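Student: Chain by chain, the residues:
Protein chains: 2
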Amino acid sequence: MPNDPLPPRAGEIRFPLDPGALPGDARLVFIGRLRTPWTSRADCPRNGRLSEAICTVEVDAPYRSALPGVDRASHLILLYWMHEARRDLAVQAPRHNVHPVPRGTFCVRSPVRPNPIALSAVELLGCDFAAGTLRVRGLDCLNGTPLLDIKPYFPSVDSRPDATVAE
Amino acid sequence: MPNDPLPPRAGEIRFPLDPGALPGDARLVFIGRLRTPWTSRADCPRNGRLSEAICTVEVDAPYRSALPGVDRASHLILLYWMHEARRDLAVQAPRHNVHPVPRGTFCVRSPVRPNPIALSAVELLGCDFAAGTLRVRGLDCLNGTPLLDIKPYFPSVDSRPDATVAE
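First to last, the protein sequences are chains A and B. With the first letter of the first sequence counted as 1, position 128 gets the number 304 in the working numbering; the numbers rise by one all the way through. With the first letter of the second sequence counted as 1, position 6 gets the number 182 in the working numbering; the numbers rise by one all the way through.
Don't take every hint at face value.
Which chain B residues face chain A? A few, computed with CB under 10 Å, are given here [what the hints assert, rightly or not]:
| # | residue |
| --- | --- |
| 1 | 223 |
| 2 | 225 |
| 3 | 229 |
| 4 | 241 |
| 5 | 263 |
| 6 | 276 |
| 7 | 325 |
| 8 | 328 |
| 9 | 332 |
I should point out that these hints are in silico values taken from the structure, not numbers from a laboratory. Quick caveat: nothing in here was measured; it's all calculated off a predicted structure. We treat Cβ as the ideally placed atom computed from N, Cα and C, and that holds for glycine.
Kindly generate the complete structure, drawing on both the sequences and the hints.
Tutor: In structure tokens, the structure reads:
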């Protein structure tokens with residue numbers, strides 16, 4: 177249900193415009209999709225670290241020539257498009273929020289945001305470059321979610337173990 | 177120079193299509209921009225951890241209501257659009273590559289990719305919610321780079337200190 181027209185939940189606030197209804201400033205191409213065990217949003221784990229599920233990244237044929245060597249990295253960052261997410265909420269009450277108070281969209285990791293791009297740092301378990309598939313652990317999204325990008329995870333820049341988040 | 181028409185460097189290979197010339201599958205809105213000290217690509221640091229520069233995130237007025245509370249996180253993930261990057265290379269020789277051999281686009285963090293979305297995990301130093309500005313350390317991009325998203329950095333899911341990358 178893209179750009180879900182349902183009224184906001186209690187305490188939620190919309191942006192003064194709906195980003196999903198704007199003509200947009202740049203265009204994305206879908207380069208593949210993610211195969212996961214989850215076929216409804218209610219089934220998806222709160223985050224990928226809470227699941228041991230092995231998922232498959234399917235890269236479409238025109239983009240497979242960019243894959244060889246990706247297995248030099250033990251972990252990858254996947255960017256994907258949360259195609260079922262509405263985009264119009266400024267303050268929201270995510271289903272998985274451990275805190276009951278609605279929060280600013282930029283304070284949560286919910287798929288609902290002006291540009292519904294999600295990222296996961298996943299463990300790379302195996303590759304078939306000819307078939308354009310990667311086996312990974314650490315995803316949390318719906319089966320069939322469109323893939324936007326694959327990047328190597330560099331612990332020297334991406335890992336911030338001292339980061340903190342107050343409740 | 178978007179989608180730079182220059183011929184590839186030695187060893188570089190193009191995709192069979194130019195993703196930047198396709199009609200696209202989804203549309204992005206720019207929600208602000210990044211103010212950095214760097215005005216040419218040659219000046220940008222190789223990555224944000226190599227710079228102590230304090231940069232400013234400018235969030236446009238319609239999106240500022242989603243900011244309050246963002247300072248509960250000590251670090252943020254910023255997603256931004258590398259607006260000067262070509263999108264058509266499958267194998268590339270990035271300027272900053274420490275290895276002299278051209279590599280698959282999904283094996284490097286260069287801005288050149290089918291969807292030129294970059295991410296940085298930055299340290300949050302200060303906020304002015306009314307003005308829509310955040311002061312951060314850890315960026316590496318051109319001044320004026322369009323902003324796509326702001327997310328809290330959650331070390332429990334985003335930090336993978338044991339990740340490795342072979343040279």
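Student: Run through the hints listed earlier and report the numbers of any the structure violates, in increasing order.
Tutor: 3, 6
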